[in-house]
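Colleague: Each residue of the sequence shown is one higher than the one before, starting from 1 at the first, in UniProt numbering.
Each hint can be trusted.
BS3-like cross-link-like pairs, simulated, lysine-lysine; straight-line CA separation at most 30 Å:
hint, residue 1, residue 2
1, LYS665, LYS247
2, LYS736, LYS170
3, LYS331, LYS354
4, LYS715, LYS379
Don't read these hints as lab results, they were simulated from the structure.
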Amino acid sequence: MPNFLINMFNKIFPNFNERKIKDYYSTVFEINCYYKSFTNLSDNELKIKTSDLRSAILQGQTMKSILPEAFALVKEATRRVLGLTLFDVQLIGGIILHEGKIAEMKTGEGKTLVSCLPAFLNSLFGKGVHIITVNEYLAQRDSTLISQIYELLGLSVGLVTADMNIDEKKYNYNCDITYVTNSEVAFDYLKDNMVMDISHIVQRNFFYCIIDEVDSILIDEARTPLIIGGNTQSSVSKYIKASEISKYLLKDKDYEVDYKKQIVTLTDKGLLNIETLLNIIDLYDIYDPWAQYIINSLKAKELYIKDVHYIISNDHIEIIDEFTGRIAHGKRWSEGLHQAIEAKENLSIKQGMKTLSSITYQNFFLLYPKLSGMTGTAKTEEYEFEKLYKLPIVQVPTNKKMQRIDFPDIVYRTSYYKWKAVANECYDMYLIGRPVLVGTTNIESSELLSRLLSDYNLPHNLLNAKPENIKRESEIIAQAGRKKAITIATNMAGRGTDIILGGNINVVVKCKILDLLFNNQFINLNSNKMLVELLNINDLNSPLMITRLDNQLYDLLKRSEYWFKKLSERIHNKREIQKFIIFIIENKHKYNYSNNPLILLYQLLYNNYTLILEEEKEEVIKLGGLHVIGTERHDSRRIDNQLRGRSGRQGDPGSSRFFLSLEDKLLKNFGADKIANLMNNLHIEDSVPLESVLLTSVLENVQQKVESYYYDIRKSIFDYDQVLNSHRYGLYSERKKILNNYYLKDIILQYSQNSVDQMASLYYSSYKQQNKKLAKSVLINLNELLGLKENIELQDLNSLTLNHIKFLFRQQMIISYDLKEAYWEEIAPGTIRQLEKYYLLSQIDQAWARHLEAMVQLQDAISWRSYAQQDPLIEYKTESFNIFYNLYQYISQSVVYMIMRTSKVI
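Construct the entire structure; sequences and hints are all you get.
Modeller: Shown next, in the form of structure tokens:
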């Protein structure tokens with residue numbers, strides 16, 4: 001079909017996304033009309049406008065009716081405090097988020113500012129808005145930057161971090177708008193449902209949530225549930241022994257590995273060999289289990305690789321997040337896998353963990369009545385977002401036309417020639433002067449390429465999960481857009497710092513000041529040339545620089561040195577000093593720092609570097625912008641798109657290309673044979689790559705299959721956790737009711753009624769069946785429980801019906817409890833109330849931990865029933881109901897028993 005016909009067809013039948021975007025422009029027009037009317041208002045009048053909108057909400061006006069005015073207020077506040085004017089497409093993104101949808105916006109389009117529009121509007125209800133980020137760095141950065149807007153409009157802004165105490169968290173959660181990471185907000189929810197005192201609850205009821213990098217959190221993180229664990233006893237010697245045995249076992253002989261499904265299975269021969277080595281009869285003996293230890297050791301040996309899945313830091317195994325390339329601090333693999341890897345690396349083995357509480361990200365974020373999210377790459381997972389979360393995706397057009405060129409993939413037969421080609425590509429770009437960003441999938445690959453580039457004598461920066469590299473993350477990414485810069489980075493997802501062509505002025509100046517202060521470079525500053533060299537400015541002949549870097553800069557450097565020394569006398573921790581300096585720079589608008597030499601130095605350097613970096617930006621744009629190189633296809637197309645998206649921001653030129661080999665993980669597991677056969681049939685040499693748009697399409701089809709496989713895993717986790725979620729909801733509701741009440745006698749009596757009713761039923765059935773021994777045992781237990789002085793005997797109940805026996809038992813329980821209560825109130829008033837709450841909560845928590853363990857065991861056992869043509873999920877739902885019923889029975893019996901026994905003993 002000719003192009004003009006295609007264009008005509010698209011105009012006549014625009015797709016749904018385009019139609020939706022067009023619908024938003026009428027609201028955008030209203031917003032901009034209000035915005036123009038706000039330019040002459042004072043700061044105080046803007047605050048009054050916020051109060052007026054709050055009142056309008058309370059009087060029943062809908063958010064839709066006040067949206068244009070609210071968004072216009074935010075737009076004006078943004079212009080005043082940040083000097084930025086929100087684009088129309090950013091306003092559209094804000095409307096999409098307010099509607100409870102996902103706004104897909106390309107990298108560099110200002111998603112951080114977009115979130116403040118719906119956050120402000122929804123905060124007017126006074127119920128709190130949560131803005132979720134993927135790491136604390138982003139939460140701190142965004143809360144510092146955007147809080148200026150909110151505070152100008154009269155709102156309070158909170159930031160929740162892991163190192164805060166209960167009071168600090170409670171204060172920040174009670175702010176109008178709270179910034180917090182996905183893991184911290186979920187763990188705080190679990191902890192709130194484990195507290196023994198209502199004053200220790202830090203969160204209020206959920207209302208509205210905006211998730212930044214929503215695909216990373218709701219898709220990538222959703223494969224693993226969040227778990228709060230407690231120490232449990234496990235055999236350290238078994239981990240060591242299992243690790244030793246795994247070294248003797250041979251792959252494909254003693255065990256088989258499925259790299260696609262990430263599982264290890266023992267062969268019959270391997271089973272016999274292991275039992276011989278261990279000198280045992282049954283590897284699966286329930287009284288002396290070894291199977292799980294062996295399987296975990298083999299997984300550690302074959303599937304978990306150092307510098308790919310984890311690093312060793314300070315003699316600890318630190319997990320590397322496969323999607324972001326960051327260290328997942330504090331996380332441990334469960335079910336003995338972490339201990340198996342510690343044994344493999346000959347490290348001290350920590351005790352195992354038992355689950356005290358858990359929840360999946362899917363079910364946690366569905367607790368919010370209103371949910372929305374933003375990201376640059378969500379469309380590939382559209383079905384999952386709509387199916388599981390009821391979150392439709394709307395793609396927001398870019399403010400300027402995208403100019404990035406995505407070249408077809410290049411595939412080599414071996415990884416040797418692939419890495420050589422990548423190094424050559426970096427060399428070519430360096431000669432041209434274009435900045436290059438190379439994305440790798442793991443530390444091992446990034447360090448291999450770093451060594452190759454060193455052999456080429458190419459200066460470069462390395463960013464991966466190792467601590468020495470992660471410390472310079474912001475600086476490395478900020479410099480990645482400079483001329484001739486070469487940056488190697490593992491998994492660019494969620495880095496949070498824009499790559500700006502020519503360099504990021506804010507980060508460059510902050511890093512330069514820290515470098516000056518911490519490296520004692522104040523000595524012998526006696527000429528402009530030395531100052532220029534000190535500041536690492538390339539163009540020494542710039543008349544602008546020679547004239548501007550005069551005695552004023554020298555004086556500021558000396559004053560800053562004096563200020564820094566005084567600061568160091570009070571704060572001795574280098575990291576704390578750095579944080580304090582950054583705090584002063586980033587909050588110069590809030591506090592009276594105008595005479596601080598650090599701020600004056602910052603402003604002078606900012607002005608001078610701005611001129612240099614703007615010139616450099618224009619030069620880099622003429623050269624073609626940032627060139628992105630991918631060295632391996634990820635399992636998910638989204639991660640590849642995130643890497644590509646680092647180039648071509650805000651209409652800048654750029655390009656991307658992936659260099660692959662048949663030895664890459666994805667191709668090795670899915671389809672490498674077909675491509676290898678094609679290369680053989682065409683008699684292509686190892687050093688000659690295969691390049692084709694069709695090949696790129698084939699690779700994307702492979703990724704779709706992998707994505708579908710992982711979706712099935714997440715869907716299965718979600719389906720099974722839905723069952724557990726109903727249990728969780730019931731138990732947490734009961735727990736909350738107990739926490740919110742002081743007088744719990746009625747709940748105790750209700751529990752006790754359930755207990756004595758069971759005893760009455762058991763007694764009645766055993767007596768009718770002439771089982772007098774069992775009937776007698778029931779009465780002895782009842783007498784013991786109630787502490788009756790005159791025991792109930794069999795002959796007293798001979799002529800009674802079941803209902804009469806239940807009534808009698810209940811009355812005896814009430815009388816006994818009243819007597820215990822009266823006794824306690826006489827010797828220690830109020831103690832019985834405290835005992836009631838303590839025993840109720842502690843027994844619920846213990847029962848829940850046991851229940852979680854039982855549900856895991858049930859799921860493992862149920863999975864085998866598919867071989868008997870039974871649906872495991874249906875079987876799981878059926879049997880889990882019985883387990884949950886038994887949980888309530890256990891709670892009611894143990895609570896009554898403990899309270900009555902405590903009263904009796906004391």
